[in-house]
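Undergrad: The working numbering applies: residue 17 is where the sequence shown begins, and numbers increase by one.
Quick caveat, the hints were computed from the structure, so don't treat them as lab data. Glycine included, every Cβ here is placed at the ideal spot set by N, Cα and C. Don't take each hint at face value.
Estimated spans, in silico, between C-beta atoms of each pair [to be verified]: (1) Asp204 to Thr137: 31 to 41 Å; (2) Ala134 to Glu114: 39 to 49 Å; (3) Gly77 to Asn139: 31 to 41 Å; (4) Gly135 to Glu114: 29 to 39 Å; (5) Glu82 to Ala134: 12 to 22 Å; (6) Asn187 to Ser148: 33 to 43 Å; (7) Ala134 to Ala106: 32 to 42 Å; (8) Pro131 to Asp204: 40 to 50 Å.
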Amino acid sequence: MERLKRYALTAGGLLLCLLTLAFAFSSATVVRAVADKITSVFVTNDAAHPVPVAGTLTLLGRPPSEFVTLVHLAPSNAGYLEQFPDGSSAGTDYVVPEGRVLVLTDADVVFRRGPGEAGMTVNYLLHSNTPSATGTRLRLLTTLNVEGDGSEGQHLQSGIVLSPGTTLNDNLPVASFGVATLRGYLADDNYLSFFGDLGR
């Protein structure tokens, strides 16, 4: 009886070893098959093999076409010109389009006055002009360095909303080489009415 138990245990052990080897072999085969499939996969994004994109590309929830960059070069008498993604600029002063509002989110100003004004505190005033009103919308101050240069910038957390038809100008002297850059985005004009209705 003892000998029978020993044979049964030995046979069971051998069977377990055979099953383990069979499983290991089949797993290696599966892994090899998967690896073969992976090495034959390629991803590209060209005219012949475009990557499908669902929806519209957005930045901060807005399509790139909604973002606006405006630049005023002080040596020029021109006002704020829109600067396009390729670096070129519009030929006429920017006017906020009808049916839209411009929300300014950032302002950066470089002051270049020359050594004669070193140490002076200078300011930048941004003015908005509409058919019904003109107002100062932003003030920045800085102290010029020994070369008469300086810079100041501000991220406008709540933004400055400019109504349709608005144009912009500032107090940068034409004789200087200052540069003012404004950034923001366009939004539908009716969103102001929507929030106004909520407050009633």
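Undergrad: So the hint says 12 to 22 Å: do the beta-carbon atoms of Glu82 and Ala134 match that?
TA: violated, 41 Å
Undergrad: So the hint says 39 to 49 Å: do the beta-carbon atoms of Ala134 and Glu114 match that?
TA: Holds, since Ala134 and Glu114 (Cβ atoms, about 45 Å apart) stay within the stated range.
Undergrad: Measuring from beta carbon to beta carbon, are Pro131 and Asp204 in 40 to 50 Å?
TA: With Cβ atoms ~48 Å apart, the hint holds.
Undergrad: Verify the CB-CB distance for Ala134 and Ala106 against the hinted window 32 to 42 Å.
TA: holds, 35 Å
Undergrad: 31 to 41 Å was suggested as the range; check whether the CB atoms of Asp204 and Thr137 agree with it.
TA: Since the Cβ atoms of Asp204 and Thr137 sit about 40 Å apart, the hinted range of 31 to 41 Å holds.
Undergrad: A range of 33 to 43 Å was offered for this pair. Does it hold for the Cβ distance of Asn187 and Ser148?
TA: violated, 22 Å
Undergrad: Take the C-beta atom of Gly135 and the C-beta atom of Glu114, compute their distance, and say whether it sits inside 29 to 39 Å.
TA: violated, 46 Å
Undergrad: Between Gly77 and Asn139, does the C-beta distance stay in 31 to 41 Å?
TA: Given range 31 to 41 Å: holds, Cβ gap about 34 Å.
The structure does not agree with the numbered hints 4, 5 and 6 stated previously, though it agrees with the rest.
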